[in-house]
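Engineer: Let chain G serve as the given structure and place chain D on it in line with the hints.
In order, the protein sequence lines correspond to chains G and D. Numbering-wise, the first sequence is residues 208 to 413 according to this note's numbering. Numbering-wise, the second sequence is residues 208 to 413 according to this note's numbering.
Errors might be hidden in some of the hints.
Any copy will do: because identical chains look the same in the list, a pair fits if it lies in one copy or spans two.
SDA-like mimics (lysine to any residue), calculated; alpha carbons at most 20 Å apart, straight line [said to hold, decoys possible]:
#1 Lys209 to Thr322
#2 Lys209 to Ala340
#3 Lys209 to Asp248
#4 Lys209 to Glu238
#5 Lys209 to Ala288
#6 Lys209 to Ile264
#7 Lys209 to Pro296
#8 Lys209 to Arg330
#9 Lys209 to Ala300
#10 Lys209 to Glu336
#11 Lys209 to Gly295
#12 Lys209 to Ala351
#13 Lys209 to Asp266
#14 Lys209 to Val252
#15 Lys209 to Ala283
#16 Lys209 to Ala396
None of these hints come from the bench; they were simulated from the model.
Number of protein chains: 2
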Amino acid sequence: MKLLHAPTSPFVRKVMAVIRELGLADRVAIEFNPASPLQRDPALVEHNPLGKIPALILDDGITLFDSPVICEYLAATAGDAALFPPAGPARWAALTQQALGDGLLDAAIANRYETVMRPQELRWAGWTEAQLAKVRGALDRIEALAPSLPATPTIGTITLGCALGYLDFRYADLNWREGRPAAAAWFDAFDARPSMAETRPRERAA
Amino acid sequence: MKLLHAPTSPFVRKVMAVIRELGLADRVAIEFNPASPLQRDPALVEHNPLGKIPALILDDGITLFDSPVICEYLAATAGDAALFPPAGPARWAALTQQALGDGLLDAAIANRYETVMRPQELRWAGWTEAQLAKVRGALDRIEALAPSLPATPTIGTITLGCALGYLDFRYADLNWREGRPAAAAWFDAFDARPSMAETRPRERAA
Numbered sequence: 208m209k210l211l212h213a214p215t216s217p218f219v220r221k222v223m224a225v226i227r228e229l230g231l232a233d234r235v236a237i238e239f240n241p242a243s244p245l246q247r248d249p250a251l252v253e254h255n256p257l258g259k260i261p262a263l264i265l266d267d268g269i270t271l272f273d274s275p276v277i278c279e280y281l282a283a284t285a286g287d288a289a290l291f292p293p294a295g296p297a298r299w300a301a302l303t304q305q306a307l308g309d310g311l312l313d314a315a316i317a318n319r320y321e322t323v324m325r326p327q328e329l330r331w332a333g334w335t336e337a338q339l340a341k342v343r344g345a346l347d348r349i350e351a352l353a354p355s356l357p358a359t360p361t362i363g364t365i366t367l368g369c370a371l372g373y374l375d376f377r378y379a380d381l382n383w384r385e386g387r388p389a390a391a392a393w394f395d396a397f398d399a400r401p402s403m404a405e406t407r408p409r410e411r412a413a
Numbered sequence: 208m209k210l211l212h213a214p215t216s217p218f219v220r221k222v223m224a225v226i227r228e229l230g231l232a233d234r235v236a237i238e239f240n241p242a243s244p245l246q247r248d249p250a251l252v253e254h255n256p257l258g259k260i261p262a263l264i265l266d267d268g269i270t271l272f273d274s275p276v277i278c279e280y281l282a283a284t285a286g287d288a289a290l291f292p293p294a295g296p297a298r299w300a301a302l303t304q305q306a307l308g309d310g311l312l313d314a315a316i317a318n319r320y321e322t323v324m325r326p327q328e329l330r331w332a333g334w335t336e337a338q339l340a341k342v343r344g345a346l347d348r349i350e351a352l353a354p355s356l357p358a359t360p361t362i363g364t365i366t367l368g369c370a371l372g373y374l375d376f377r378y379a380d381l382n383w384r385e386g387r388p389a390a391a392a393w394f395d396a397f398d399a400r401p402s403m404a405e406t407r408p409r410e411r412a413a
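In isolation and in its complexed conformation, chain G is listed as follows (with noise of 0.2 Å):
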C-alpha cells in the first residue's frame, strides 16, 4: 500500500506515528504528494477528490481517507486492539480527543490559510481571533485531560501529540505550555516516543 504524505501535514504524522506504533514501516510506501487546498493536484484528486492528505492507496485499488480512517484501517491490519480500543469507554474516550486534536488542527491550519495564503487585503481579524480561541478552548481542556491520559497511546494521545507539535511547528510564538503545565508535562514525554520523535514535522527538503 501507499500513503501520499507531506512533511509538514500533521494529518499524515498522525498515520506515520501509527504506521510505526503498529510496525508497519516495510509495508507503506511513501509518496509525497504536493496536497494545496488552493490547486487541485491530478494525481492525488484521481484518489481523493477532496485533494487532501493523506490518503492510503491499497493494493487492490482502493482509496482510503481521512486520517482516522486510514489509522483504524492500520491499527484492524495489524490485528492491534490497543490504539483503537473496542467499543466501550475506552473508545469512545480516545476517538473524543481524537476529534478534539483534529478540531484544534482544523482552526490553526484554518487560520493559516487566513494568515499566510489568503491576499494580505482580504484578511479578517475576526476570523483569526475566532480560530485562536477554538485553538485555546482545545488546549484548556487538554490541560484537564492531561493527568488522566492513558499511559499507553492510543489513536487519542497520539493525536493530541501530533496537535501540540504542530503548534510548536507553526506557532511558537503562541507558548502555549504557558499556564498549562499538565499539558506540557504530559506532552514532553509522549513526544520522546520513537514513533512521534521520528515523525516531527519539517518543511520538505528542496
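Structural biologist: Same frame as chain G, now just chain D:
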C-alpha cells in the same frame, strides 16, 4: 443523554438520522444550541471546547463529539452492526464514504462562511472557487459510487444523503443533479427513507 442540536446543521442531521434508524428517539433529549463559528456559546464550549455541534452529553456528564464519534457510539449502544460494519472492506468503504460526505460538507460550509458571514469587501473569489472545486469533485465521486452503494443504510450512505440534502438546502443554484443521473436517482430513493424525510434541514422557527 442529550444532543446539542440545530435544524440547519448537516452534521447534526447525520446524528438525527442515525437515531431514527436505530430506534433511539425516546432515549435522546434534543436541546437547541446557537453554535456559531464566530461567537463562542458558553453553554456549548463547556461541553465541546471547539464550539461545534453536534455534541452528545451522556448521563454521566461525559461529552462525545464530533458526528462520526457520536454516531458510532449510538450504534454500539443500540447493539447495531449494520450502520458501522465490523472491521473489513464494508467498514472501510462506509467510513471513507462518510469522510467523503463530511469533506464535501466542510468545503460547502467553508464557502458559506466566505460568502455569507465574511464582510463583503474581504471575500476572496479564489477561496470560493477552491471550495466549489472540492464540492464538484466529491459529487463526481458520488456519481461513480452510486450504482454500487449498499441498499441498507450505513454511516457512509447516511452521510452522503445528508451532504446532498445540504446542497439542496443551501446550494440549489449548483444544480448538483445535472450530469449526475446515478447520484440523483440514488438520492431520490434514499431521501425517502423516514430517517431522512423526517430530518430534512430547515431554518429554525422564529
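Engineer: None of the hints should be skipped; say for each whether it holds.
Structural biologist: Comparing the hints with the structure gives:
1. Lys209 to Thr322: neither (32 Å within a copy, 37 Å between copies)
2. Lys209 to Ala340: neither (36 Å within a copy, 25 Å between copies)
3. Lys209 to Asp248: within (17 Å within a copy, 42 Å between copies)
4. Lys209 to Glu238: within (7 Å within a copy, 44 Å between copies)
5. Lys209 to Ala288: neither (23 Å within a copy, 29 Å between copies)
6. Lys209 to Ile264: within (5 Å within a copy, 38 Å between copies)
7. Lys209 to Pro296: Between. Shortest inter-copy distance 17 Å satisfies the 20 Å Cα cut-off; intra-copy 33 Å does not.
8. Lys209 to Arg330: For lysine 209 and arginine 330, the Cα distance exceeds 20 Å both inside one copy (37 Å) and across copies (38 Å).
9. Lys209 to Ala300: Answer is between: at 17 Å across copies they meet the 20 Å cutoff, but 30 Å inside does not.
10. Lys209 to Glu336: neither (38 Å within a copy, 29 Å between copies)
11. Lys209 to Gly295: between (32 Å within a copy, 19 Å between copies)
12. Lys209 to Ala351: neither (37 Å within a copy, 22 Å between copies)
13. Lys209 to Asp266: within (8 Å within a copy, 43 Å between copies)
14. Lys209 to Val252: Within one copy only: 15 Å inside, 38 Å across.
15. Lys209 to Ala283: Within one copy only: 17 Å inside a chain, 31 Å across chains, cut-off 20 Å.
16. Lys209 to Ala396: neither (30 Å within a copy, 36 Å between copies)
Of the numbered hints given earlier, the model fails hints 1, 2, 5, 8, 10, 12, 16; all others are met.
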